[in-house]
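Here the protein sequences line up with chains W and C, keeping their order.
In this text, residue positions in the first sequence follow the numbering used here: the first is 1, and each later residue adds one.
In this text, residue positions in the second sequence follow the numbering used here: the first is 215, and each later residue adds one.
None of these hints come from the bench; they were simulated from the model.
Covered stretches of chain W, going by a simulated chain C footprint (3 or more residues, C-beta under 8 Å): (1) 98-112; (2) 144-158; (3) 174-187; (4) 196-202.
Note that CB positions come from ideal geometry on N, CA and C, so glycine has one too.
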Amino acid sequence: MGGSRERVLARVRAALADVPADEPVERPSEHPYADAHSEGDTLEVLADRLLDYKALVERVTEADLPGRIAAALDRRGAGRVAVPPGLPQAWLAESSVERVGDTAEAPLSAADLDATDGVVTACAVAIAETGTLVLDARPDQGRRALTLVPDYHLCVVRAGQVVDGVPQAVRRLDPGRPLTWISGPSATSDIELNRVEGVHGPRTLEVLLVEPDT
Amino acid sequence: MSSATFLGMPPFPEAAEHAVRDARTRHNLHKATHTIRGKRDAVVGELGDDWARLRAEGEAVKTHTLRHLDHYLERLEESVQRAGGTVHWAADAAEANAIVTRLVRRTGETEVVKVKSMATQEIELNNALEAAGITAYETDLAELIVQLGEDLPSHILVPAIHLGRSQIREIFLDKMAEWGVPAPADLTDDPRALAEAARVHLRELFLRSKVAVSGANFAVADSGTLVVLESEGNGRMCLTLPETLISVVGIEKIVPTWSDLEVFLQLLPRSSTGERMNPYTSTWTGVTPGDGPQDFHLVLLDNGRTDVLADTVGRQALRCIRCSACLNICPVYERTGGHAYGSVYPGPIGAILTPQLHGMSSEVDRALPYASSLCGACYDVCPVAIDIPEVLVHLREQVASAPGHMGEKAMMAGAEAVFGSSTALDAAQRAAGLVGGAIPKHLPGTAGKWTDTRDLPEIPRGSFRQWWNEREEDR
Chain W
1 MGGSRERVLA
11 RVRAALADVP
21 ADEPVERPSE
31 HPYADAHSEG
41 DTLEVLADRL
51 LDYKALVERV
61 TEADLPGRIA
71 AALDRRGAGR
81 VAVPPGLPQA
91 WLAESSVERV
101 GDTAEAPLSA
111 ADLDATDGVV
121 TACAVAIAET
131 GTLVLDARPD
141 QGRRALTLVP
151 DYHLCVVRAG
161 QVVDGVPQAV
171 RRLDPGRPLT
181 WISGPSATSD
191 IELNRVEGVH
201 GPRTLEVLLV
211 EPDT
Chain C
215 MSSATFLGMP
225 PFPEAAEHAV
235 RDARTRHNLH
245 KATHTIRGKR
255 DAVVGELGDD
265 WARLRAEGEA
275 VKTHTLRHLD
285 HYLERLEESV
295 QRAGGTVHWA
305 ADAAEANAIV
315 TRLVRRTGET
325 EVVKVKSMAT
335 QEIELNNALE
345 AAGITAYETD
355 LAELIVQLGE
365 DLPSHILVPA
375 IHLGRSQIRE
385 IFLDKMAEWG
395 VPAPADLTDD
405 PRALAEAARV
415 HLRELFLRSK
425 VAVSGANFAV
435 ADSGTLVVLE
445 SEGNGRMCLT
455 LPETLISVVG
465 IEKIVPTWSD
475 LEVFLQLLPR
485 SSTGERMNPY
495 TSTWTGVTPG
505 DGPQDFHLVL
515 LDNGRTDVLA
525 DTVGRQALRC
535 IRCSACLNIC
545 PVYERTGGHA
555 YGSVYPGPIG
565 AILTPQLHGM
575 SSEVDRALPY
585 ASSLCGACYD
595 VCPVAIDIPE
605 VLVHLREQVA
615 SAPGHMGEKA
625 MMAGAEAVFG
635 SSTALDAAQR
645 AAGLVGGAIP
655 KHLPGTAGKW
665 TDTRDLPEIP
675 RGSFRQWWNE
685 REEDR
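Please take these sequences and the hints and turn them into a complete structure.
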């Protein structure tokens with residue numbers, strides 16, 4: 001397809017004949033907009049926005065985390081949960097749930113994942129004002145399919161991972177990694193333009209917001 | 215199970231005259247567009263003055279990119295290849311369809327799952343694949359409704375916006391069985407039940423599919439990252455589970471740097487679905503070992519875009535990020551619906567983009583610049599500040615200056631068709647008067663002939679939206 005490459009580029013250059021040859025091709029970004037817009041406590045704003053999307057949210061302490069994870073999985077009635085390879089072992093220490101591990105050597109198939117009751121992961125960054133969790137597929141989150149196929153996603157967010165606004169999150173993230181930005185459970189606005197939760201992705205998103213022990 | 219086509223549709227005045235008589239469609243459109251306007255106003259309002267700054271920055275980034283598009287295309291190609299992807303260039307629809315068909319055939323598969331994509335709608339990829347014996351399954355809920363109903367898309371974001379819940383239920387009951395898992399016999403028209411039916415219908419297909427076709431909302435030149443915004447998780451399914459991913463992306467979708475997403479990931483969801491953020495956004499850069507498709511192809515599509523780029527007034531249409539806010543606010547669109555525009559790009563943006571992409575070669579294309587009352591609401595809501603009225607007038611001038619033009623006649627026919635009722639005409643006239651700030655009274659150059667003979671009323675203070683909302687509250 002080399003011919004078309006040159007043809008398209010030649011057409012582009014011909015179309016831009018009016019652009020002065022010495023106009024700089026680099027545009028220094030001046031970021032003339034705010035880093036964030038929400039007022040108030042960052043974690044409170046995040047919790048509020050997540051609830052607005054009909055996610056389940058709990059504020060927990062580091063010490064309580066294993067117990068609260070176990071309680072959440074119990075409430076859900078989850079028997080078998082998918083576990084990314086680098087999930088901190090302590091997190092599931094108080095749960096009797098069956099762990100279905102996903103590793104690079106023995107990855108779970110889509111059908112395997114479909115047969116689990118849920119998945120427990122960490123996240124990379126969370127954005128308070130938009131109620132967004134960003135996963136970057138590191139070992140404590142696993143590859144992208146893990147948080148997609150199971151119908152229940154329990155995500156642990158640490159206070160230090162939460163930023164106020166979208167620009168701050170973009171700056172923290174590495175575009176070289178596959179990223180999934182999650183704002184609530186799967187939903188659609190396709191029927192009469194009203195949001196309805198629960199389509200192909202996890203229909204239940206539960207978030208545990210971890211604050212440092214005081 | 216054939217796909218419908220816009221080919222052979224009548225020009226706007228004729229199509230509009232028919233469309234405005236369809237009371238059910240008008241009811242559906244009124245309900246949907248008014249719902250989304252309210253949501254959009256609320257989440258845009260949350261950002262206060264910063265919305266204007268984000269909008270100006272979005273405009274500036276896109277304008278800059280377009281002015282150096284050759285540079286950024288080459289940079290994007292290099293970045294994607296460095297990350298393990300393969301880049302293809304398609305000068306037109308036929309070439310893009312041939313590339314995708316060849317790539318699918320090479321896998322040995324005869325079915326593909328699709329993420330909603332305007333570019334593949336534009337090139338009618340599904341028809342091309344069907345002719346090659348390959349079944350393309352649309353997985354976005356609204357696209358699925360349109361595909362099952364053998365219908366045409368009528369909106370950029372929600373292609374089935376012209377259908378209400380009871381019609382969607384009927385289509386699911388009638389057609390799902392032909393394509394795969396049938397709808398449950400006791401299906402109700404509760405939106406939750408309809409969403410559940412779509413989930414069950416597509417579940418097994420997602421889990422077994424080996425090839426996916428997508429578009430992209432943005433392609434980042436410096437990192438080679440592609441970005442898809444969606445809601446349902448069908449996009450994630452297609453972008454994550456298959457072995458091969460083919461993304462067909464218009465050459466205008468480029469942004470220079472990763473940090474430019476700071477702007478567009480705020481502008482697009484708020485302006486589009488009226489959400490602070492859409493449920494899911496996926497970004498990927500080439501191939502990631504052990505995670506997602508291991509064979510990734512990017513097809514860069516021209517298909518008329520360089521012709522648009524060559525027009526120094528019209529090229530601003532290429533800034534469009536396909537949010538649909540201009541459709542949702544447009545008094546003409548609200549009355550005619552999307553089908554009357556005879557193109558996959560309906561509404562105000564379609565009225566300037568389609569004729570430019572096609573080169574105004576047909577009567578349908580030449581009528582489109584007149585499918586507007588020039589009220590300016592579209593410019594007001596555009597998150598990248600495309601001056602749609604300016605381009606409409608510019609294109610009218612081109613139509614009018616062509617030999618044997620029908621411009622004035624076409625416009626009058628369009629106005630009569632859309633605003634046949636006195637209420638509607640009155641509303642449009644008031645709209646035109648109140649938002650005239652977006653409309654230049656006198657245009658430079660030869661287009662000035664058009665404006666010189668037409669008076670615009672004095673413009674009072676206050677935005678279109680303020681007026682519109684007050685009007686709605688008074689009802």
